[in-house]
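Protein chains in written order, with this note's numbering: chain S, 24 to 360; chain E, 24 to 360; chain B, 19 to 341; chain H, 19 to 341.
It cannot be assumed that every hint is accurate.
If you want a taste of the chain H side facing chain B, the calculated C-beta under 8 Å gives, among others [unchecked claim]:
(1) D109
(2) H156
(3) W194
(4) R312
Keep in mind that the hints were calculated from the coordinates and are not lab data.
Predicted model only: the values in this text are computed from it and were never measured.
Think of the CB as a built atom: it goes at the ideal place given N, C-alpha and C, for glycine as much as any other residue.
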Amino acid sequence: MSETTAPPRNVDVARLVEHHRQMHRIRAFEEAAIQASHDKLVLGAIHPSIGQEAIATGVCLNLRRDDYLLSTHRGHGHTLAKGADAGAMMCELLGRAGGTSQGKGGSMHIADVGVSMLGANGVVAANINIAAGAAHAIKLRREDRIAVSIFGDGAINRGPFLEGLNWTKVFDLPALFVCEDNGFASTTRTDAMTGGPGPAARAESLGIPATTVDGNDVAAVDEAARALVGEVRSGGGPRFLVCRTYRLTGHTASDPAAYRPDGEVEEAWGNDPIARCAAYLAELGVSTDDLESHRTAAQEEMAGVYEAARNAPWPDTALAYADVQDIADPREEAFRW
Amino acid sequence: MSETTAPPRNVDVARLVEHHRQMHRIRAFEEAAIQASHDKLVLGAIHPSIGQEAIATGVCLNLRRDDYLLSTHRGHGHTLAKGADAGAMMCELLGRAGGTSQGKGGSMHIADVGVSMLGANGVVAANINIAAGAAHAIKLRREDRIAVSIFGDGAINRGPFLEGLNWTKVFDLPALFVCEDNGFASTTRTDAMTGGPGPAARAESLGIPATTVDGNDVAAVDEAARALVGEVRSGGGPRFLVCRTYRLTGHTASDPAAYRPDGEVEEAWGNDPIARCAAYLAELGVSTDDLESHRTAAQEEMAGVYEAARNAPWPDTALAYADVQDIADPREEAFRW
Amino acid sequence: MVVMTYAEAGKSALASEMHRDPMVWAVGEDLGRGGVFGQYKGLVEEFGPERISDAPISEAAIMGAAVGAAMAGTRPVVEMRFADFALCAVDELINQAAKARYMLGGQLRVPMVIREPMGIWRSSAAQHSQSLESWYTHIPGLVVAVPSTPADNWGLLRAAIRSDDPVVYFEHKNIWGLEGEVDTDAEPLPFGVARTVREGTDLTIVAWSATVHVAEKASEALANDGISVEVIDLRTLWPWDKEAVFASVRKTGRLIVAHESVAVGGFGGEVAATVSEHLFGTLKAPVKRLGAPRIPISYAPPLEDEVRVTEDRIATAARALLA
Amino acid sequence: MVVMTYAEAGKSALASEMHRDPMVWAVGEDLGRGGVFGQYKGLVEEFGPERISDAPISEAAIMGAAVGAAMAGTRPVVEMRFADFALCAVDELINQAAKARYMLGGQLRVPMVIREPMGIWRSSAAQHSQSLESWYTHIPGLVVAVPSTPADNWGLLRAAIRSDDPVVYFEHKNIWGLEGEVDTDAEPLPFGVARTVREGTDLTIVAWSATVHVAEKASEALANDGISVEVIDLRTLWPWDKEAVFASVRKTGRLIVAHESVAVGGFGGEVAATVSEHLFGTLKAPVKRLGAPRIPISYAPPLEDEVRVTEDRIATAARALLA
Ligand SMILES: Cc1ncc(C[n+]2csc(CCOP(=O)(O)OP(=O)(O)O)c2C)c(N)n1
Ligand SMILES: Cc1ncc(C[n+]2csc(CCOP(=O)(O)OP(=O)(O)O)c2C)c(N)n1
Ligand SMILES: [Mg+2]
Ligand SMILES: [Mg+2]
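Start from the sequences, fold in the hints, and give me the full structure.
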């Protein structure tokens with residue numbers, strides 16, 4: 024189990040700038056989504072990824088458009104980083120026409136098959152077996168894409184974690200597992216509910232090499248992900264990446280997170296992945312104006328996206344009966360008088 | 024992960040003799056059960072434990088009557104070694120009155136709550152969570168008993184393995200897990216379907232110390248089990264024991280096991296735990312007559328047990344409607360004209 | 019008589035049983051912080067973390083460990099958080115909890131309560147909105163409770179905790195805040211005894227859980243048209259109070275069974291089939307079932323509304339039945 | 019026309035679809051050795067271990083991986099070995115496979131077949147004998163097939179594999195050896211089209227899976243008493259052929275629905291409720307449901323027999339209905 028923490032020596036500034044832009048887009052999207060939730064325009068639960076943006080961009084910048092991605096309830100950032108349209112995503116969160124899934128899935132099922140993002144999931148750890156299966160299909164089809172599953176540290180206590188990882192090892196499949204270790208499973212500290220050393224040790228006990236990185240250091244995530252994606256794509260079998268991070272917001276947009284002692288969150292803000300990336304870029308000579316412009320551009324984009332979504336029409340109610348299955352018309356069954 | 028293989032130095036001959044007797048009883052019971060199956064007096068599937076007797080006696084001789092035991096589909100030996108009555112067990116296998124469960128459960132659900140044997144199970148790995156819960160109850164009730172779950176090497180690929188082991192670690196429960204590693208999951212070699220080093224490594228990744236022994240060396244199993252049971256009973260938390268063994272019969276009484284190459288089974292007979300124990304006892308000066316008498320006594324006992332069972336009456340059909348639940352009478356619902 | 023919410027009633031029912039019997043304990047994710055819907059608030063302070071226990075995200079272990087803990091002499095109350103997540107622990111509930119007493123010929127029992135918050139609750143989408151109560155009525159060994167009021171949640175949860183058999187206990191997420199009077203001196207409610215919510219002579223509406231309140235509203239609207247509706251809340255689906263339903267339908271001659279769950283394969287079919295068989299000839303009109311169309315539940319509010327059994331839909335069906 | 023067994027029909031249906039479409043593959047425990055009931059014998063030799071794949075004892079992964087593999091463009095056929103074990107993978111089937119197409123607004127589909135050997139089979143006891151087909155009819159997004167003959171197993175399994183939606187496919191363990199004629203040139207069967215097993219005028223019996231044969235025997239016995247019975251095999255429960263059942267009951271005026279599964283909450287309730295509503299006034303007698311009592315299935319043969327819907331029980335119910 025290797026540890027990567029120090030920023031990599033051979034830095035590609037343009038690439039780091041790209042991360043910085045993208046992380047700001049994710050943050051601004053989440054802030055707009057939280058606003059929409061407070062405005063009661065998003066009724067269902069949303070799970071912001073503020074503080075974890077470096078994992079989304081660090082991993083996804085190393086993926087091709089046709090690489091499959093399966094995510095969790097906290098999937099906005101992953102989906103954006105995979106290349107989904109922010110406007111369509113926001114419409115989905117507001118349940119409007121033009122949503123990525125026509126408003127039928129919402130935040131917890133956000134997906135954009137056009138960029139091979141096969142869905143967030145409302146069931147913790149359920150995406151692990153699905154990703155294993157996508158990787159299985161890749162192997163059967165002799166393709167050179169890979170399948171990626173991103174999940175949290177709470178997910179490692181569910182059976183599918185063992186079954187899905189073992190599956191990819193036994194069938195030698197092109198799968199990358201990414202564990203976002205933010206220390207919490209909703210209101211509970213995961214260390215209190217997790218036996219043994221944690222995710223990496225569990226993956227290795229199943230024969231899957233694991234790497235652990237500072238998930239708030241986008242350069243470190245990028246470097247580790249690049250290496251692992253390369254190994255997986257070249258037929259090396261499954262790999263596991265643990266990213267240590269912290270959730271800077273509540274579990275949901277409506278969670279005050281009172282279960283965290285005073286100061287803990289403030290201190291964690293000192294480790295904000297975006298600020299760290301900015302400081303590093305400044306060191307490398309990128310101007311503060313440029314860096315600031317990434318933030319303002321992202322905020323303007325997402326403000327517009329939110330504005331557009333709130334003005335978008337509701338989906339046609341006929342859609343409620345569409346895409347259930349090819350046979351039988353559900354209208355026949357219900358509310359006949 | 025410690026390895027124990029050589030026979031222990033400080034041998035208690037009487038104890039080893041007890042193992043020898045008990046192993047013969049288990050073997051004779053299984054042989055009678057197989058006969059009953061061939062005689063079509065047992066219709067359902069039975070899973071003989073011939074070749075694995077040393078694990079049953081080696082573990083159970085270290086348990087108190089009030090220690091809970093949960094077993095698998097291959098549970099006859101464990102149940103006998105825990106102290107259940109062979110006659111009642113055979114009646115259960117034949118589905119007769121006087122069966123341990125009145126003929127309602129049969130082989131795969133063999134149980135004797137009187138000796139705290141809470142049941143074999145027809146669902147692989149299901150007994151792991153149940154044992155974890157029994158251990159949880161022990162802790163809540165501040166008792167000094169322990170809960171033991173015995174399962175096969177195929178069970179380690181099911182989610183409950185991870186969830187149940189993690190549970191006992193997190194709640195620091197008095198649980199002992201015993202994995203009978205016989206190399207097969209019905210017709211499939213488990214190594215082909217198991218990622219990583221195997222059961223012990225998986226247990227340790229969950230924070231549970233694991234010991235691996237030669238499961239055909241009854242003295243080694245006994246010694247390891249004694250140590251682990253002591254640690255668990257004295258509040259040390261969960262422990263894991265891997266016993267390497269081999270299934271000398273087919274998966275079921277009707278499985279010819281053609282999936283095993285010629286010679287493999289013959290060779291494995293050379294490692295018969297009973298023969299090894301006998302040889303060792305002979306070395307220690309126990310007479311061949313005495314050793315032979317254990318076998319004949321066991322065979323006579325089980326022949327009698329089978330004879331009694333085949334002559335036992337069928338259970339009263341009214342029992343079909345008993346012990347469903349306290350409320351409501353199922354007779355009201357069905358077959359009214 | 020105390021006024022409390024449906025959630026508070028559940029909480030005090032659990033607390034009173036925990037005071038009464040030291041072997042009662044509750045386990046589930048985040049219970050230490052009061053549970054997702056606050057239905058355990060303050061209990062850990064009162065009973066400590068051993069008896070109000072957090073759990074890893076391990077539904078199969080929560081359910082399976084409860085089975086073992088029940089076999090070993092305690093009375094666990096397991097919290098599944100959403101009925102949808104209980105689908106991660108179906109083997110433990112159906113193959114183990116429901117059958118163990120029987121398979122072992124009565125050598126032991128499995129006294130446990132499985133709390134499953136059910137139903138549609140503001141844009142929770144297809145994996146957080148299901149009502150699957152009918153599944154459990156089909157499984158021998160299980161009791162199925164579906165309380166609709168604070169008083170019933172108080173009375174039925176206590177009965178469930180005292181039951182020596184597993185009880186699948188559905189609380190509806192949309193009525194956690196519903197207030198009502200609770201007689202805290204009352205005995206636990208018996209299983210299988212329906213509640214006549216409102217008496218009437220023209221038509222009987224049988225419902226359960228949150229749909230009872232929809233049926234009540236519909237019957238008020240119908241009263242304005244001079245249609246007299248009797249509303250019956252089954253309270254438990256297994257056992258269910260056939261006699262009460264038969265008696266009412268003998269009087270009214272007409273029956274609507276309304277539930278939030280999908281109509282196809284729903285428990286409304288059981289009620290309709292049973293009444294149609296037993297009161298053949300007595301019925302003045304065919305028994306009408308009202309349930310959700312066979313579609314997953316959408317996230318967008320207008321699509322989500324398409325599956326709802328509303329006051330209007332019940333009233334429309336009632337008028338059609340009487341036309 | 020070829021004579022083959024129910025098991026052979028399933029095997030050749032799978033083989034023919036695998037020849038037709040390279041994206042079809044099967045996965046489950048012990049398939050490499052032909053499967054527990056021999057229903058995959060020889061296929062690994064023909065198609066290799068990648069397309070007839072063994073699996074670890076990981077039902078959740080078998081089902082969940084199939085969901086992902088279906089989303090990613092293959093057509094997996096998953097073998098659950100016993101319908102009872104599918105209870106270890108219910109989240110994957112209900113929350114994932116059945117809903118994914120809908121939740122994603124039609125962006126993708128989940129073409130997979132879940133083979134679940136069902137039913138009572140010589141003393142297999144409570145965890146290896148269940149018939150839970152009614153559960154899946156209640157879940158939007160799922161097709162439910164229950165073939166009763168070699169010809170239907172041939173025709174329906176091929177249709178299931180070609181379906182772009184998940185199909186829960188129940189084969190009955192007790193009729194693996196049943197022989198029958200199969201037209202191997204025939205097209206796959208459409209879902210939702212019942213088969214009239216036998217024509218009659220006094221009474222209709224609706225059944226599916228192995229119970230069809232019991233109903234057929236009962237109707238022969240009844241014929242000797244001069245009672246003319248029409249037997250209808252639904253073949254698929256979702257969709258189910260209402261029109262065929264209505265047409266038959268319009269003719270006979272009497273209906274028995276018989277199934278091996280538990281009567282309470284069984285699909286017989288859906289059929290009975292639907293017919294009772296739609297043919298109210300046409301029915302000459304109440305619709306009679308025959309299913310198992312609400313008890314787990316015992317191991318001892320005489321106790322196991324207590325739950326069976328036998329030829330005699332069907333005949334007795336029929337005579338009572340006509341009395
Ligand atoms: C099977 C299941 N159990 C419980 C839940 C409720 N739940 C939603 S998110 C969550 C916490 C997940 O923690 P983690 O996996 O660490 O992800 P994070 O929220 O920290 O990103 C829980 C318990 C669920 N969605 N699915
Ligand atoms: C959940 C589940 N899946 C599949 C089966 C079918 N089955 C019965 S025994 C067995 C093999 C078990 O292998 P192992 O755990 O190594 O025990 P062994 O038979 O070797 O003693 C299988 C697959 C089952 N009973 N339960
Ligand atoms: Mg977390
Ligand atoms: Mg084995």
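Hint-by-hint comparison with the structure:
no.: 1; hint: D109; in the structure: 4 Å, holds
no.: 2; hint: H156; in the structure: 3 Å, holds
no.: 3; hint: W194; in the structure: 23 Å, violated
no.: 4; hint: R312; in the structure: 5 Å, holds
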